[in-house]
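S.K.: Here is how the chains run, residue by residue.
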Amino acid sequence: MDKMPKWADVFLVPFINLLLAFFVSGLVVLAVGENPFQAIWIMIKGSLGSTAGLGYTLYYATNYIFTGLAVAVAFHARLFNIGGEGQAAMGGVGVAVVLLAFNWQHWWLALPFAIIGAGSFGAFWAAIPAYLQAKRGSHIVITTIMFNFIAAAVLGYLLNGALKNPNNQNAETVPFGPGAHLPTAHEILAPLGIQFSKSAPLNISFLLALLCAFLVFVLLWRTRLGFAIRAFGQSETAARYAGINAVKITMITMLISGALAGMLSINVVMGEQGRLIKEFVEGAGFVGIAVALMGRSHPFGIVLAAILFGMLTQGGFELLWEMPDLSKEMVLVIQALIILFTGALDNMVRMPLEKLFLRLRKEQS
Amino acid sequence: MENSHSFVLLLVTLNQTINVSVVLIFAGLAGLFSERSGIFDIGLEGKMLISAFFAASVSYQTGNVWVGMLGGIAASMVFALIHGLTSITFRGNQLISGVAINFLASGLTVVLGNAWYRQGGQTPQLSGAARFHEITLPFADTLRGIPLLGPLYSDVISGHTPLVYVAFLMVPLSWWVLYRTRFGLRLRAVGENPASVDTAGISVIRLRFTAVLIAGVLCGMAGAYLSTSQGAAFGKEMTAGRGYIALAALIFAKWRPWYLLMATLLFGLLEAISNLFPNIDVFGIFTIPVQFTQALPYILTVVILAGFVGKAVPPRAGGEPYVKER
Chain A
196 MDKMPKWADV FLVPFINLLL AFFVSGLVVL AVGENPFQAI WIMIKGSLGS
246 TAGLGYTLYY ATNYIFTGLA VAVAFHARLF NIGGEGQAAM GGVGVAVVLL
296 AFNWQHWWLA LPFAIIGAGS FGAFWAAIPA YLQAKRGSHI VITTIMFNFI
346 AAAVLGYLLN GALKNPNNQN AETVPFGPGA HLPTAHEILA PLGIQFSKSA
396 PLNISFLLAL LCAFLVFVLL WRTRLGFAIR AFGQSETAAR YAGINAVKIT
446 MITMLISGAL AGMLSINVVM GEQGRLIKEF VEGAGFVGIA VALMGRSHPF
496 GIVLAAILFG MLTQGGFELL WEMPDLSKEM VLVIQALIIL FTGALDNMVR
546 MPLEKLFLRL RKEQS
Chain B
7 MENSHSFVLL LVTLNQTINV SVVLIFAGLA GLFSERSGIF DIGLEGKMLI
57 SAFFAASVSY QTGNVWVGML GGIAASMVFA LIHGLTSITF RGNQLISGVA
107 INFLASGLTV VLGNAWYRQG GQTPQLSGAA RFHEITLPFA DTLRGIPLLG
157 PLYSDVISGH TPLVYVAFLM VPLSWWVLYR TRFGLRLRAV GENPASVDTA
207 GISVIRLRFT AVLIAGVLCG MAGAYLSTSQ GAAFGKEMTA GRGYIALAAL
257 IFAKWRPWYL LMATLLFGLL EAISNLFPNI DVFGIFTIPV QFTQALPYIL
307 TVVILAGFVG KAVPPRAGGE PYVKER
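Order-wise, the sequence lines are chains A and B.
Heads up, our numbering is the position in the first sequence plus 195, with the first residue counted as 1.
Heads up, our numbering is the position in the second sequence plus 6, with the first residue counted as 1.
Calculated directly from the structure, the hints in this document are not laboratory data.
C-beta atoms are modelled at their ideal positions from N, C-alpha and C, and glycine is treated no differently.
Errors might be hidden in some of the hints.
What the hints assert, rightly or not - Here are the simulated DSS-like pairs of lysine-lysine, each with C-alpha atoms no more than 30 angstroms apart in a straight line:
#1 Lys-260(B) / Lys-359(A)
#2 Lys-260(B) / Lys-523(A)
#3 Lys-260(B) / Lys-473(A)
#4 Lys-240(A) / Lys-242(B)
#5 Lys-260(B) / Lys-443(A)
#6 Lys-330(A) / Lys-260(B)
#7 Lys-557(A) / Lys-260(B)
Stated by the list, open to error - Where chain A lies over chain B, by a calculated footprint (3+ residues, C-beta under 8 angstroms):
#8 53-65
#9 83-97
#10 150-159
#11 181-188
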């Protein structure tokens, strides 16, 4: 018998967690001497109030959908992939290599190959920690953290060496050329008569992210492999007994996870920057953890959580302009508190609620 | 002439190694206490960062660096308490709690720093009694004349700030506490098999909280060292991943105090080398890029974790919340 009704588990607990996180964030804003309600209003207005704001919000959300899905897929097999940061960085290398190798004529020709580049490089970077976990029992959290740093070093090395643009001083590649330019929201919506901001970086990758979310849903809940992944995550011994190969499942899950994290670079490197730069991931790999936790590792929840975090990121930049006493790092504080309350302190809300529902049920019967 | 030049370079490198190792020693020992009691701690970075900020601001406000250090330690202990609350009391995921703590420190230090000082997240420069200064050990100048050992004593061992010596004393102290006291035995036992400790009538919860708080104190010292000893102000993200290097050193040392000293000195040496000699030319044949030297601690740790060179076995109950059987 379940301790709680499903709606309480899926909506009520996360909602209370979120409220607590925002409440404590509000206290921080108060401590700094600003009005928390005004701060919320500025963030909502800044992230949704104009097509430019919305374009940035959904652009960031695209990143977070990819990294959130990456963390979630691994979570289902009870693997904690904290290496999204490094896998996304390597995905960027994959995109750059593909886009610089040929003189692409049209984006729809370039995109599938760029996806292969991003996915395979990201998957490769997850494969080594996965193999070490599956075969040698090395803790995947530690190895993926180490691989984040190694990826940063590799990226720095390549951008100062083999991939460096010889024409300037910066650690970056040469621009990809017009044939690799992904259509932006402005370019897609203009023929339909919708005026969307020209400056916003939102591009077709957003649709790709939604497609990925749908595919992850199908994979996890509609295929044999997805069943094996979830069974493995529920109980490794039971899964082994049922003939599920632990090494194989660990490898496949992490390859999918790494590939999803690598896809972030389609949005940032191909869609926005048009060249490979050094610190393009900007912590999105870590935000993915928060997104997966809030979205309860379900693709639908992840899309919603990613949009919320996109609003936070974009709204944070607006805070910088409107409230001089509040820095954009306030967003980090909010994100940290959301991770803390929804991820680590979940039981603080869950345990009393479970007791409450049990008592209600007893009284009824 | 050529010889004495390389000798001076060697002395400079060793001196730097000691300076940069101190943070890793403090943080590594913090991780040692926490993880030996069965609580994974990837929040070393965040605890150091929040301590570095509060140590610098309290030093600046009071003009006394020792009070500042206590402020840093207190801030780090508050974060340690959060970690204890989530992972011991509410049996949450210790890794996620650590991630949250690192995020919280990155954000909070800049938000508060900007609001208080308006210098882009920095604290004002510390001077005079508001920071630690180098101390010269006795006879440092008289002994300098002795060949080899003289300069080694007066230029490498002498002339550091007090916390450097505290850090090096912490290693034998931690060894003694962990391996020669009843508390240490219990702490190690609770990281391997909490149920047996519980059966013996000892509180698992209290032991683990003590360990986590000790980690808080040590991270507090690491942070205070960064902002009031090695530097003279707090700077945004000034820990720069050292908490993770300390974690790597801890694994590299297979969760043992003396090995930890060796590992932190090795990783410190690598950091010193990458600071002093960015690209190393090997006999004109090839160059070792600076990125390789920087990444080497992580690569070595992965190799150790993979068990190709010796096996690093973590405490058996690490990361598992303890549920008392009813």
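S.K.: Between Lys-260(B) and Lys-443(A), does the CA-CA distance stay at or below 30 angstroms?
M.R.: Holds - the C-alpha atoms of Lys-443(A) and Lys-260(B) are around 28 angstroms apart, at most 30 angstroms.
S.K.: Check whether three or more residues of the stretch 181-188 of chain B sit with their beta carbon closer than 8 angstroms to a beta carbon of chain A.
M.R.: Coverage by chain A is violated here, the residue count being 0 at a Cβ distance below 8 angstroms.
S.K.: Do at least three Cβ atoms from the stretch 150-159 of chain B come closer than 8 angstroms to Cβ atoms of chain A?
M.R.: Check failed, 0 qualifying residues.
S.K.: Take a quick look at whether Lys-330(A) and Lys-260(B) sit within 30 angstroms of each other, Cα to Cα.
M.R.: Roughly 19 angstroms separates the two Cα atoms, so the pair holds.
S.K.: Given the hint that Lys-557(A) pairs with Lys-260(B), test it: the Cα-Cα distance must not exceed 30 angstroms.
M.R.: violated (51 angstroms)
S.K.: Between Lys-260(B) and Lys-359(A), does the CA-CA distance stay at or below 30 angstroms?
M.R.: Cα-Cα ~39 angstroms, so violated.
S.K.: For the pair we were handed, Lys-260(B) and Lys-473(A), check the Cα-Cα distance against 30 angstroms.
M.R.: Roughly 33 angstroms between the alpha carbons, so the hint for Lys-260(B) and Lys-473(A) is violated.
S.K.: What's the verdict on Lys-240(A) and Lys-242(B), does the C-alpha distance respect the 30 angstroms limit or exceed it?
M.R.: Given pair Lys-240(A), Lys-242(B) holds - Cα atoms ~28 angstroms apart, limit 30 angstroms.
S.K.: For a C-alpha distance cap of 30 angstroms, please report whether Lys-260(B) and Lys-523(A) respect it.
M.R.: Violated: Lys-260(B) and Lys-523(A) sit about 40 angstroms apart, past 30 angstroms.
S.K.: Against chain A, does the stretch 83-97 of chain B show at least 3 residues with beta-carbon separation below 8 angstroms?
M.R.: holds (count 6)
S.K.: Please check whether the stretch 53-65 of chain B has three or more residues whose CB lies within less than 8 angstroms of a CB on chain A.
M.R.: violated (count 0)
This entry does not satisfy hints 1, 2, 3, 7, 8, 10 and 11, going by the numbered hints stated previously.
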